[in-house]
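Asker: As you go down the protein sequences, you meet chains A and B in turn.
Last residue of the first sequence: 210 (this note's numbering), numbering continuous.
Last residue of the second sequence: 493 (this note's numbering), numbering continuous.
It is possible that some hints are incorrect.
Derived list of chain B stretches under chain A, where covered just means 3 residues or more per stretch with a C-beta under 8 Å from a C-beta of chain A [claimed, not checked]:
{"hint": "1", "segment": "371 to 378"}
{"hint": "2", "segment": "471 to 482"}
On the chain B side, residues computed to face chain A include the following (Cβ under 8 Å) [said to hold, decoys possible]:
{"hint": "3", "residue": "Arg347"}
{"hint": "4", "residue": "Ile364"}
{"hint": "5", "residue": "Ala367"}
{"hint": "6", "residue": "Leu383"}
{"hint": "7", "residue": "Asp384"}
Far from chain B, some chain A residues (derived; all Cβ distances over 10 Å) [what the hints assert, rightly or not]:
{"hint": "8", "residue": "Leu7"}
{"hint": "9", "residue": "Ala25"}
{"hint": "10", "residue": "Ala39"}
{"hint": "11", "residue": "Val49"}
{"hint": "12", "residue": "Leu85"}
{"hint": "13", "residue": "Arg88"}
{"hint": "14", "residue": "Val113"}
{"hint": "15", "residue": "Arg117"}
{"hint": "16", "residue": "Ala120"}
{"hint": "17", "residue": "Glu151"}
{"hint": "18", "residue": "Ala156"}
{"hint": "19", "residue": "Ala187"}
Hints listed in this document are in silico derivations from the structure and should not be mistaken for laboratory results.
Heads up, the beta-carbon is just placed ideally off N, CA and C, and yes, glycines get one too.
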Amino acid sequence: MLLRDGLIRLLEAHDFEVVAAVGSGPDLLRELLAQRPDVAVVDVRLPPTYTDEGLRAALAARAEVPGLPVLVLSQYVERLYARELLADGRGGIGYLLKDRVSDIGEFVDAVRRVAAGGTALDPTVVAKLLDSRQRVLPLDRLTAREREVLAQMAQGRSNAAIGSALFITEKAVAKHTNSIFAKLGLQSSEDDNRRVLAVLAYLET
Amino acid sequence: MTARTRTTLAATLCVAATVAWLVTGRGEFWPRWVYFGVGVVLVGRLVLRRALRVPAGRRRWLALDAAVCALVAGVDLSVWVLSGGGYFWPIWTLLGIATILGSHGWVVSRPPGARERELAERIAALTRSRRGAVDRQAAELQRVERDLHDGAQARLVSLALTLGLAGDLVRRDAEGAARLLEEARGTAIAALDDLRTVTQSIHPAVLADRGLGDAVRALALDLAVPVTVTGDPPPDLPPAVQTAVYFAVAEALANVAKHSGATQAAVAFGQTRDTVRIDVTDNGTGGADPARGTGLRGIIGRLDAIDARLHVSSPAAGPTRVTVTVPREPK
Chain A
6 MLLRDGLIRL LEAHDFEVVA AVGSGPDLLR ELLAQRPDVA VVDVRLPPTY TDEGLRAALA
66 ARAEVPGLPV LVLSQYVERL YARELLADGR GGIGYLLKDR VSDIGEFVDA VRRVAAGGTA
126 LDPTVVAKLL DSRQRVLPLD RLTAREREVL AQMAQGRSNA AIGSALFITE KAVAKHTNSI
186 FAKLGLQSSE DDNRRVLAVL AYLET
Chain B
163 MTARTRTTLA ATLCVAATVA WLVTGRGEFW PRWVYFGVGV VLVGRLVLRR ALRVPAGRRR
223 WLALDAAVCA LVAGVDLSVW VLSGGGYFWP IWTLLGIATI LGSHGWVVSR PPGARERELA
283 ERIAALTRSR RGAVDRQAAE LQRVERDLHD GAQARLVSLA LTLGLAGDLV RRDAEGAARL
343 LEEARGTAIA ALDDLRTVTQ SIHPAVLADR GLGDAVRALA LDLAVPVTVT GDPPPDLPPA
403 VQTAVYFAVA EALANVAKHS GATQAAVAFG QTRDTVRIDV TDNGTGGADP ARGTGLRGII
463 GRLDAIDARL HVSSPAAGPT RVTVTVPREP K
């Protein structure tokens with residue numbers, strides 16, 4: 006409730022129009038299907054069960070409206086949930102710790118990215134992805150720099166954004182991404198989102 | 163009837179009988195039979211109460227038996243004395259009583275049967291595990307308190323202080339205030355991090371959201387070694403059981419990652435009519451010793467409290483298999 010009011014204020018201050026604010030899983034699903042918003046910001050835990058009601062409602066809505074952009078917020082990030090959210094391979098998915106809301110610029114950026122069909126995965130999830138499979142997957146063939154680029158990429162950043170985050174040129178980023186794709190045996194693509202999904206799909210196998 | 167009225171009544175009866183005997187010409191001393199009747203009632207009451215003070219069970223029955231036998235023996239002896247002695251006929255009752263009491267005592271003192279031994283062991287195990295559970299709970303609460311105190315609480319204090327300073331500074335030095343606010347944001351996030359760690363250590367969020375099956379799948383995803391999870395636990399497992407099994411599997415998987423050198427691990431849920439079984443296997447080097455690790459000992463304590471058993475099979479050349487079996491609640 007506290008967070009919802011704060012978020013409405015924050016989003017309206019950044020030129021978003023809030024078409025609906027609801028407080029339970031069933032209400033959320035109904036509104037998502039009725040309003041078909043450009044993007045929805047959803048808490049994982051909602052009444053009535055206070056378990057993963059919000060997540061289930063988001064998944065149900067996306068089953069009805071493929072690719073409906075949803076940014077899921079939670080006190081915890083779980084790879085299991087990230088995988089479920091990404092499973093339909095359609096993008097328009099964000100999954101962030103609630104803490105990230107405090108970095109207004111980053112957060113608003115993430116909302117816009119998800120609305121545009123991109124992804125915004127919490128760095129914690131990405132870090133877990135990269136840490137846990139290093140020993141057994143060809144990821145250990147990546148250089149340290151390439152791994153940094155991959156981490157940024159998995160969060161849904163474009164080459165330009167990655168370049169400015171790592172203080173390298175966009176061209177250098179493109180070189181790294183191509184090398185990553187080659188080492189992981191993936192076809193490169195201009196589409197940011199497919200890129201991330203491909204990386205994730207690979208890591209999940 | 164209070165003790166006082168009882169005594170008064172008994173004394174009155176005896177005195178009245180004696181007076182009546184005095185008044186009616188002092189023939190044969192019959193009031194002794196009145197004394198005898200009153201005495202039997204009083205003494206009988208006394209020994210029965212004594213016997214009933216023994217804790218319930220076989221020993222109380224023996225005590226009651228002994229009390230009744232003593233009373234009968236006392237009555238017979240008194241009657242023999244009061245009726246002037248002669249042929250010692252109470253010998254027969256005394257012999258009978260001794261036989262009855264002796265065999266009863268022998269039965270009671272015999273070692274308990276298999277069923278009874280089993281029950282006694284079970285009671286001992288329950289007492290132990292209950293004490294363990296209480297101790298563990300107290301230690302756990304203490305740890306949570308310490309973690310909150312040293313972590314989130316300390317950070318929130320510092321957050322309040324920083325916000326106060328920023329408020330103080332905001333008019334005179336906007337730039338400095340902005341710096342402090344940024345610092346405050348960092349502190350708030352660190353406090354959230356601390357809280358997350360503490361709450362996860364009490365009850366993991368996925369376990370609360372999805373139950374044991376998905377919680378174990380989430381664990382498996384986070385492990386450095388690839389883990390396959392097969393089967394599902396029955397959905398009606400009580401929350402306490404789910405939590406204990408979850409932490410057991412978490413510990414087993416953590417050991418796989420830390421010690422086994424395995425490249426593959428598997429968690430399998432299975433069930434029979436009256437048990438649920440969870441196997442954690444790996445293809446590592448083996449040689450795991452449950453007596454050595456403190457982690458596993460804690461887990462065994464937790465499992466004890468829900469009547470579950472942990473079995474580790476880990477030959478020197480591997481592989482290692484950790485099995486948890488949980489009895490199902492009778493339907």
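Asker: Each hint should be assessed against the structure and marked as holding or not.
Answerer: For each hint, the structure was consulted:
Check result for the segment 371 to 378 of chain B against chain A: holds, 3 residues qualifying (beta carbon to beta carbon below 8 Å, three or more required). For the segment 471 to 482 of chain B, the proposed coverage by chain A is not satisfied: 0 residues have a C-beta within less than 8 Å of a C-beta in that chain, short of the threshold of three. At about 5 Å, the closest approach between the beta carbon of Arg347 (chain B) and any beta carbon in chain A falls short of 8 Å, and the interface hint on this residue holds. A least Cβ separation of about 13 Å between Ile364 (chain B) and chain A goes past the 8 Å threshold, and the interface hint is therefore violated.
At its closest, the beta carbon of Ala367 (chain B) sits 4 Å from a beta carbon of chain A; the interface hint therefore holds under the 8 Å criterion. For Leu383 (chain B), the shortest C-beta to C-beta distance to chain A is roughly 4 Å, which falls under 8 Å, so the interface hint holds. Annotation: Asp384 (chain B) was flagged as interfacial toward chain A, and the flag holds, the nearest CB pair being 6 Å apart, inside 8 Å. The claim that Leu7 (chain A) lies off the interface holds: its Cβ sits roughly 14 Å from the closest Cβ of chain B, which is beyond the 10 Å cut-off.
At roughly 24 Å, the least C-beta separation between Ala25 (chain A) and chain B is larger than 10 Å, which holds for a residue marked as non-interface. A cut-off of 10 Å between C-beta atoms confirms that Ala39 (chain A) is not in contact with chain B; the least separation is 26 Å. Not every CB of chain B is more than 10 Å from the CB of Val49 (chain A) (nearest about 8 Å), against its label as outside the interface. Non-interface call for Leu85 (chain A) relative to chain B: violated, since the shortest CB-CB distance, roughly 4 Å, does not exceed 10 Å.
The Cβ of Arg88 (chain A) does not lie farther than 10 Å from every Cβ of chain B; its closest approach is about 7 Å, which violates its non-interface assignment. For Val113 (chain A), the condition that its CB be more than 10 Å from all CB atoms of chain B holds, with the nearest at approximately 16 Å. Here Arg117 (chain A) stays apart from chain B, with its beta-carbon at least about 21 Å from theirs, past the 10 Å limit. Ala120 (chain A), annotated as away from the interface, keeps every beta carbon of chain B farther than 10 Å; the closest lies near 25 Å.
With a closest Cβ-Cβ approach of about 20 Å to chain B, Glu151 (chain A) is found to remain outside the 10 Å limit, as its non-interface label requires. Residue placement check: Ala156 (chain A) keeps its beta carbon more than 10 Å from all beta carbons of chain B (closest about 17 Å). The Cβ of Ala187 (chain A) lies farther than 10 Å from every Cβ of chain B, with a closest approach of about 23 Å, so its non-interface assignment holds.
In summary, the structure is inconsistent with hints 2, 4, 11, 12, 13 from the numbered list given earlier, while agreeing with the others.
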